[in-house]
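Trainee: Working from the sequences, and respecting the hints, build out all of it.
The chain contents come next:
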Amino acid sequence: MSEKIFACLLRLYPSRFREKYTEEAIQLYRDLYRHETGLLRRTGLWIGLLADLAFGLPQAYRNTYVSTAAPPVALAVQGVPTFRVLELEPLRPRLFLFGSILTLALLSAFSAVLSHPVVYRAWSASSVASSPIAAVMERLSQTMSAEQNGDESAQTDDSVPYDGQNGEGRKANSVTAYPAGDETQKAINLNERPQVIRSAVGSPDLRYPYPQPSKNAQGAKPQSGMPDVWVAAPEGTASAIPRMTPYVQVMTRDAQAVNAHNNIPIPSRDGTSAVAIDPYRATTKQHDCTFETIKVLPHNIGYFKLDSFPDPAICGASADEAMIRLNDTSAIILDLRENRGGYPETAEQIAAWLFERPAVWYITGERSVAQSMTHSPVRNSRLGNKPVYILTSSRTVDGAEQFVYNLKMLKRATVIGERTRGETHSRPFDRNDDHLGTGLAPDVEVKASDALQIAEKSARAKIERK
Amino acid sequence: MPKRKLDPLPAAAFQILLSLAGEDLHGYAIMRQVEEQSCGRIRLGPGTLYSSIQALLEEGLIEEVDRSGKSESCDERRRYYRLTSTGRKLARAEAEKLADLLRVARAKNILRGEYV
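From first to last, the protein sequence lines stand for chains Y and C. The first sequence finishes on residue 488 if you use the numbering used here, and the numbering steps up by one all the way, no holes. The second sequence finishes on residue 147 if you use the numbering used here, and the numbering steps up by one all the way, no holes.
Keep in mind that the hints were calculated from the coordinates and are not lab data. There's no promise every hint is true.
To be verified - Pair by pair, the computed Cβ-Cβ distance ranges are:
#, chain 1, residue 1, chain 2, residue 2, range
1, Y, Glu25, C, Ala52, 27 to 35 angstroms
2, C, Lys120, Y, Tyr83, 26 to 34 angstroms
3, C, Val96, Y, Glu58, 25 to 33 angstroms
4, C, Leu133, Y, Ile48, 34 to 42 angstroms
5, Y, Glu58, C, Gly53, 22 to 30 angstroms
6, Y, Glu58, C, Leu132, 28 to 36 angstroms
7, Y, Phe120, C, Ile141, 54 to 62 angstroms
8, C, Lys139, Y, Glu25, 47 to 55 angstroms
9, C, Ile141, Y, Met23, 45 to 53 angstroms
10, Y, Tyr83, C, Gly91, 16 to 24 angstroms
11, Y, Leu34, C, Leu132, 31 to 39 angstroms
12, C, Leu133, Y, His57, 32 to 40 angstroms
13, Y, Arg33, C, Ser116, 34 to 42 angstroms
14, Y, His57, C, Leu132, 31 to 39 angstroms
The model shown is predicted, which means the values in this text are computed figures rather than measured ones. All residues carry an ideal CB built from backbone N, CA and C; glycine is no exception.
Mentor: Okay, here's the thing in structure tokens:
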């Protein structure tokens, strides 16, 4: 007992003292205790120990406890770093403060880096032309601009209609939006064009991301007498570049097809934009925002056929109205068999209705993939826990594939139908899923024409199980 | 020149130096030796003893002795200490200082004959 009391008293001494001498001090106490027999002598011993405490403590705190062993071979050779061992020096309070601030700063910086979206940059975009096509198109545009003497018609990118990309994507799709190397700075004269185009489309380094158009492009031959192509050629300049026309036609086949299908006038950025946008808006509305069918099938199954994800600025409200109409159904079938993509914002807007809480959603651009969250739950939405079926076909393409990809990865929808086309315009997205050229596989692979029937049957079974 | 921690030399430290003048000793033996050489007037407690030993070590006046394997009787858990040459010089200087005081005291007839 007395030994324990003595051990407690030793705790009053500095830690360095205790580390070195506790064992010996206790041994010494045992020797003393054994030597001093009898109550009187042991009382005297304890009085001496308490007095010793008063004298010994100040001295113990004055000591530095620096090692008295011979110092090791000096390492202070010039240019060679040396390290001080903290253990031999007491830590000062300000060091704790400094350490805390430094730790907080590092944690903040680390979290900031983690929360920053990673932007994909193509290796080729830094110092060399991104592709021979881009280089040629850039040079042609410059030539045309020069020939037009500053005509604003060089803005051709907005002439691409529903090609399955948002505003940023459409801008990136422009021939002038690709980074180009120094060689593009030199204009091409009219006599050089056929040769330049021929060598470009025949290049094995052709980097157009889609297999079939790339193949087509490589087989393209300059022709004359083709009809005007407005997609890539600035307005009023098509006749000045007859050699370019067929090539552009091949490369922009999808865009032309969509345009022909929808017959939607294209807004322009030139002085007539105000006039051009109104018909675009009006025609889009006239086509019911490409929301072909919204109805309730037997067994209270909602059916929504949408052939694109239209401009949210024009059709955002319509998209919400469509989802409201499905609100009281027991299951939902989204028919994307003819969907050729569109605006990711609209896709996310529709998807938000399908979740009860924010879900991870990838919004893809031409050169980046940003992780976002759906704006769920949508007020008044009762669709968050309803079964969802998506119908796909080999014509389901681009933005529609991204929509399917997200819902499939989140296990929020059952995909029924055919493998999608695998031609999303977003190259980073292609890398995400690695489905470029192969398309997204459905959960239930059936003919596109049978997909609705299968989906209805499956939905009915699920509703009845509930 | 920085002031030495043991200047002036405390009585306990001087007693420890004197105790080690004859042989290497461990802590308890030092305590016993001090008690004996002071005729029981000075008895060092563990706190005073080891804090003084540490101060003497830091000043290089004593040093630890590695006695492992030297003696079968020695307790390996105990540390042994030895007077260094610096410690010996300091002890001698301190003793001479006291001797001077002693001579003065004798000259002043403060001391009687029984003292050296």
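Trainee: The structure should be examined with respect to each hint, and the outcome stated for every one.
Mentor: Evaluated hints:
{"no.": "1", "hint": "Glu25/Y - Ala52/C: 27 to 35 angstroms", "verdict": "32 angstroms, holds"}
{"no.": "2", "hint": "Lys120/C - Tyr83/Y: 26 to 34 angstroms", "verdict": "28 angstroms, holds"}
{"no.": "3", "hint": "Val96/C - Glu58/Y: 25 to 33 angstroms", "verdict": "28 angstroms, holds"}
{"no.": "4", "hint": "Leu133/C - Ile48/Y: 34 to 42 angstroms", "verdict": "39 angstroms, holds"}
{"no.": "5", "hint": "Glu58/Y - Gly53/C: 22 to 30 angstroms", "verdict": "26 angstroms, holds"}
{"no.": "6", "hint": "Glu58/Y - Leu132/C: 28 to 36 angstroms", "verdict": "34 angstroms, holds"}
{"no.": "7", "hint": "Phe120/Y - Ile141/C: 54 to 62 angstroms", "verdict": "60 angstroms, holds"}
{"no.": "8", "hint": "Lys139/C - Glu25/Y: 47 to 55 angstroms", "verdict": "49 angstroms, holds"}
{"no.": "9", "hint": "Ile141/C - Met23/Y: 45 to 53 angstroms", "verdict": "49 angstroms, holds"}
{"no.": "10", "hint": "Tyr83/Y - Gly91/C: 16 to 24 angstroms", "verdict": "21 angstroms, holds"}
{"no.": "11", "hint": "Leu34/Y - Leu132/C: 31 to 39 angstroms", "verdict": "36 angstroms, holds"}
{"no.": "12", "hint": "Leu133/C - His57/Y: 32 to 40 angstroms", "verdict": "33 angstroms, holds"}
{"no.": "13", "hint": "Arg33/Y - Ser116/C: 34 to 42 angstroms", "verdict": "37 angstroms, holds"}
{"no.": "14", "hint": "His57/Y - Leu132/C: 31 to 39 angstroms", "verdict": "34 angstroms, holds"}
Checked against the numbered hints above, the structure violates none of them.
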